[in-house]
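Peer 1: This is what each chain is made of:
Protein chains: 2
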Amino acid sequence: MYKFGGWYQKNSINYYMSKGVVSKDEDYSQWYNDLVIKADMAEYSPVKGCMIIKPYGYSIWEKMQAVLDVMFKETGHVNAYFPLFIPKSFLSKEAAHVEGFAKECAVVTHYRLKNDGEGNIIVDPDAKLEEELIVRPTSETIIWNTYKGWIQSYRDLPILVNQWANVVRWEMRTRLFLRTTEFLWQEGHTAHATAEEAIEETEQMLNVYADFVENWLALPVIRGKKTANERFAGALDTYCIEALMQDGKALQAGTSHFLGQNFAKAFEVKFTNKENKLDYVWATSWGVSTRLIGALIMAHSDDAGLVLPPKLAPIQVVVVPIYKHEEELENIAAFVKGLTAELKAKNISVKFDKRDTHRPGAKFAEYELKGVPLRVAIGSRDMQNGTVELARRDTKTKETVAQEGLSAKIESLLEEIQQNIYQKALKFKTENTTEVDTYDEFKRLLDEQPGFLSAHWDGTPETEQQIKDETKATIRCIPLDNKQEDGKCILTGKPSSQRVIFARAY
Amino acid sequence: MYKFGGWYQKNSINYYMSKGVVSKDEDYSQWYNDLVIKADMAEYSPVKGCMIIKPYGYSIWEKMQAVLDVMFKETGHVNAYFPLFIPKSFLSKEAAHVEGFAKECAVVTHYRLKNDGEGNIIVDPDAKLEEELIVRPTSETIIWNTYKGWIQSYRDLPILVNQWANVVRWEMRTRLFLRTTEFLWQEGHTAHATAEEAIEETEQMLNVYADFVENWLALPVIRGKKTANERFAGALDTYCIEALMQDGKALQAGTSHFLGQNFAKAFEVKFTNKENKLDYVWATSWGVSTRLIGALIMAHSDDAGLVLPPKLAPIQVVVVPIYKHEEELENIAAFVKGLTAELKAKNISVKFDKRDTHRPGAKFAEYELKGVPLRVAIGSRDMQNGTVELARRDTKTKETVAQEGLSAKIESLLEEIQQNIYQKALKFKTENTTEVDTYDEFKRLLDEQPGFLSAHWDGTPETEQQIKDETKATIRCIPLDNKQEDGKCILTGKPSSQRVIFARAY
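Chains as they are written, first to last, in our numbering: chain A, 32 to 537; chain B, 32 to 537.
Please note that a few of the clues may not be correct.
As the list makes no split between identical chains, a pair holds if one copy fits it or if it spans any two.
No more than 25 Å apart at the CA atoms, straight line, and that leaves these computed lysine-lysine pairs for BS3-like [unchecked claim]: (1) K440 to K401; (2) K104 to K394; (3) K104 to K94; (4) K385 to K305; (5) K104 to K385; (6) K104 to K474; (7) K301 to K69; (8) K94 to K375; (9) K342 to K104; (10) K474 to K159; (11) K460 to K159; (12) K455 to K429; (13) K377 to K134; (14) K145 to K159.
Read the hints as simulated data drawn from the structure, not as lab findings.
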């Protein structure tokens, strides 16, 4: 374990438990890391770049999966499962694809360990694979090799398949949830008879992602297309949704690719079309990952801890009893039992924390840290008065309300909190999206008030690269709803017909 | 692809689609393989030993996951996720554990590919890992290394965590679902303050598995303990459920292990107990896998195809219209619309197959092959008479029933089918479980009427091994509800106090 050295030790749970959460303004990056670890979302593992998703963090992923899975099925998709390993030769079949992924592949070369006779476990040199296997960084190649056997005619199309899986991309600089060597995701892979139908699917899934991120993560996004430089390796067009984090950096929250006939050509997947002619099949792929959990944390949280939108919060309401004597607790517990039943009937998750090992104040801080949207505190006086104290995590406001009608009140408050978190993020995004017309202003804003910068660009990869080299800002996307507008490229002054969105990004 | 040669080609879908399903009595093994492939459950992949789980097969896994996940949560467990990779040194820390898994480990040695300058993609020799990583064959080691950071005192216990994941065990002889190099499973890993509590957990989870397999897969099992020879590598006790397949071979359907303090000692996981003394933590682990889908197919199916218990069938009811003219179909469709709504309200999944590209007979054969429990056929005369034809997959019986009250009739029939499939399997198990008192009889039955053989054994690993070497039969388990009974070992004649269950096994 210690051979992983400083990295592991410095990031171990004990290291963090001994310190508070650093403030967001002081060190945004450290604040994020502290939050993830102190709120029990995830921790680093001894395998470099891989994380352990702890139960609290994983339960958010489970909620995301459940919602997305329904959305995928409602749009006609089914799930399947393809192998973890991809023969090296498969990856090489699509030139741009292998170019994009070769540098970050985990390679399996042997299939056995053995005892060397001196008590050491070593890799058995006699168990070398004839052809190395790549741990999938994405599954286009193995899936299109499979589709070859599934498709003969247009009657076999479309194929609308999704896979929930783990993938591995060997990352040198990692960050919990946002960029890890192994991550969990879903990858949709569809096959179509026409380019139009494939493009329609690509756009449909982008809209599914945008709806999900806006309505469930309470995070407004820009829907757009990537420039050629930023496209998925092997795609003709990459659509994306881009969100803005509280430090003004962009985060790509989901992508949907129109792959054209590239993979069909690489794997010789042809079909007989309605005109009885042979043609290559048209493809899309689309994915979101556990990165979304990172976006969720970064976008809404504050110095006291997570702020979770109610729709994805593992615990939506926590009830903390305040009492001195056991009889008081019994009295409170009887009330809470009824409340819990009412809330469960409304599909609201509630936790009654009656631990006698922690004071109410410590419990308040714990649930604040964990981002529980609503806290109900009940003491003996409340029981006499028929009231409770309700505290909102998002606004940090408290009010005393009647016990009568409490579950209905909670239900509407949760709705309101979800909306409020979204509106706050939307306001932030609006205030931090700026039209810029000169390169000096562009650079000044990146340093002084980073955010989405809407600027003219001459459309060349060279200009895009030079801006990136000089400012670390990339073109996040060309928005789908862009208005046409004459202007001049901020770098070269050459003519441009539309603005694009620049930002520094995660 | 062709480098995988005969194996892949011979097992490709096209190879099978051109042939019928071989009869069960003629070649049981081939019958099983044909069924899996022709019913669209799974197919072989070009990665040796790895399979592709097709949408129809995967939807059964999704149903299994959904039910088990609720059962796990009802017994207090939560889900989490640990890394796919395990440092080689971790695996070596528990001596019996590494001994058990070393021979079947996929080993990652490099983390990058590169272009060799002549257009070939090769493994980059400069990207060799300092320590090799093992693709998890099971996660005890990485999880217990993590638990070390989670546990200080008895107040941190128990930890009740489950993981849904893929694992890899390099198998030389594979069989779809039953034994594959990569498979999907869940693995529970719990930590306890006392041996008693850990044993109670081990037994609880065995009972969860047995309930699930009996009530959902409609498959009766024997609950028992493994002998020392057959234990999980690193366990003090392995509990198992054993089911009987139609060829008289046993199939281990789930295991639950009492790991004692072995992994806590290997990873130095100590806690302060209630008496304020340091002690090692007690462990369990338990798992079931996609192997269950293989058991489901093998146990109930026949020469015409799958026979799926309604509770796990992806499609529970299929409706096939029989018509000549478009107006007839419209009439039928209007009725089916109402029926579908009624069935959906009862949570019964129904498919209306109105494809005009297939004749009714072809559809009947297809759903028979796919094991759909109930088929409703409706023609124009049925519409006039207010009737439908109902066909059961399990008994292959047909009856004409009234349209009125049809959804209630279907609901109760599905219940009846579930029970009937279970009772049939129970009868088979009872008839093929035989008490045997001599070795000659034992060997004769194994050849002539294989099944569970209940026999006396002297309790030594040597005798167990000799019987295995001579007959290929292993001790499947020592049943938990065993009655004590004096007898003599069938091989050595030495005294024995209880019978154990022998069988040849998958």
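Peer 1: Between K460 and K159, at a C-alpha cutoff of 25 Å, which is it: within one copy, between copies, both, or neither?
Peer 2: neither (53 Å within a copy, 44 Å between copies)
Peer 1: At 25 Å max between alpha carbons, let me know whether K474 reaches K159 within a copy, between copies, both or neither.
Peer 2: neither (53 Å within a copy, 41 Å between copies)
Peer 1: Tell me, please, which holds for K104 and K94 at an alpha-carbon limit of 25 Å: within, between, both or neither?
Peer 2: both (16 Å within a copy, 14 Å between copies)
Peer 1: At most 25 Å between C-alpha atoms: does K104 with K385 qualify within a copy, between copies, both, or neither?
Peer 2: Classified as between; 21 Å across copies, 40 Å inside a copy.
Peer 1: Tell me, please, which holds for K342 and K104 at an alpha-carbon limit of 25 Å: within, between, both or neither?
Peer 2: So K342 and K104 pass the 25 Å test inside a copy (20 Å) and across (20 Å) alike.
Peer 1: With 25 Å as the alpha-carbon cut-off, assign the pair K440 and K401 to within, between, both or neither.
Peer 2: Within. Shortest intra-copy distance 22 Å satisfies the 25 Å Cα cut-off; inter-copy 50 Å does not.
Peer 1: At 25 Å max between alpha carbons, let me know whether K385 reaches K305 within a copy, between copies, both or neither.
Peer 2: The answer is between: 21 Å across copies meets 25 Å, while 67 Å in one copy does not.
Peer 1: Indicate which option fits the pair K145, K159 if close means a Cα-Cα distance not exceeding 25 Å: within, between, both or neither.
Peer 2: both (13 Å within a copy, 20 Å between copies)
Peer 1: Checking an output row: K104 and K394, CA cutoff 25 Å. Within, between, both or neither?
Peer 2: between (40 Å within a copy, 24 Å between copies)
Peer 1: How would you label the pair K301, K69 (within, between, both, or neither) given a Cα cut-off of 25 Å?
Peer 2: Classified as between; 22 Å across copies, 53 Å inside a copy.
Peer 1: For K377 vs K134, is the C-alpha pair at or below 25 Å within one copy, between two copies, both, or neither?
Peer 2: Neither: 50 Å inside a chain and 52 Å across chains, both beyond 25 Å.
Peer 1: Treating 25 Å as the Cα threshold, decide for K94 and K375: within, between, both or neither.
Peer 2: For K94 and K375, both the intra-copy (17 Å) and inter-copy (24 Å) Cα distances are at most 25 Å.
In this structure, the earlier hints numbered 6, 10, 11, 13 are contradicted, and the remaining ones agree with it.
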